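As given, the protein sequences belong to chains A and B, one line each in that order.
Residues in the first sequence are numbered from 99 upward in steps of one, following the numbering used here.
Residues in the second sequence are numbered from -6 upward in steps of one, following the numbering used here.
Be aware that one or more of the hints could be misleading.
[Said to hold, decoys possible] Derived DSSO-like pairs: lysine-lysine, alpha-carbon spacing no greater than 30 Å straight-line:
| # | chain 1 | residue 1 | chain 2 | residue 2 |
| --- | --- | --- | --- | --- |
| 1 | B | 55 | B | 74 |
| 2 | B | 74 | A | 173 |
| 3 | B | 55 | A | 145 |
No lab work stands behind these hints, which were simulated from the structure alone.
Being a predicted model, the structure only gives us computed values, none of them experimental.
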Amino acid sequence: MTAPPHSRAEAPYWSLAGLAEGARRCGAMVPGTMVFAAAYGTLAAQKGLTLTEATLMSALVFGGASQLVAMEVWKSPITLASVVSLAVVTAIVNARFILMGATLRPWFGALPSWQVYPALNSTVDATWLVATRYRAEGGSDASVFVGAGLALWVVWVGSAIPGYLLGAFIVDPKQFGFDLMLPIFFAAMFVPLWRGARRATGWVIAGAVALIVSYVVPGWWFIVAGALTGSVAGAFIDE
Amino acid sequence: MNEPLAHGPFIAILAMAAATYLTRISGYWLMGHIPMTRRVRRSLEVLPGAIMAATVVPIVAKVGTVALIAVAVALVSMVIKRNEFVAAGLALAAVSLARAYGL
């Protein structure tokens, strides 16, 4: 393994102050998370989930895009086949967490596994961005990541409830574009991810392959097929 | 496979939670076990954007003009002011307008 980018940063540690710092750094992301959560709650109500089921899913899965996609796949009554397809779709949509976890290795690697593996429950797009920015500033307090996770978890779980109770009666998600939150959020992420044409070539290949696969293969396999093809291609495209 | 399950929704939610937790830990675990060659590193650099492109492009193709407007507004907004939530808000507003005008 080559030297990690933060090899000279101080050893990782935990602190209560770090929890608060992580929560504070999430502040700007709270409104968007609330809208996203409310949209999920609304969709869950439309799909016939009970409030308990909808809330439990938010609390245990804590993955916005995957829960919205799951609502597209969700069909009552639930069969063994639908359990399998929901788990697979969730894993595919959340496959980007695999990469995010990989990037946390140089930082958390010196902490005991029994502390890190529970802490990785905090991984979502927003907390990963917060943690990455904090780390780039030279920080080492792993609690910032967990504090961000706890804060967004509370917002995520809590905001789905009014979405569930009110949205089903007064809001048509399509009218305000909530059905397009996933492509909007992902498209917005291209800008902070931009590091030049080489990576973007891989992205274009990923999009093209995914488009073709989406017409040929049913289901959500197009994400994995496109993303893997694009990233492998990107590895072999030189500057 | 196609019989309704007792407590089906709860089993489905637990399966989704387990699948998600596996995605959260497997990359971290893997990086402790594989050599970080130049090719592997480059592949990992491209992967986040590749996942997003592979998600966005087919959805835009399926939904059509309104989705294209939403994605374009989000991208332009991010280039001007790098704030995901301003971008998402503007994109949602654009979609609302487009749909109100019958697109």
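Hint-by-hint comparison with the structure:
1. B:55 to B:74: 28 Å, holds
2. B:74 to A:173: Violated. Residue 74 of chain B to residue 173 of chain A sits at ~40 Å, over the 30 Å cutoff.
3. B:55 to A:145: 21 Å, holds
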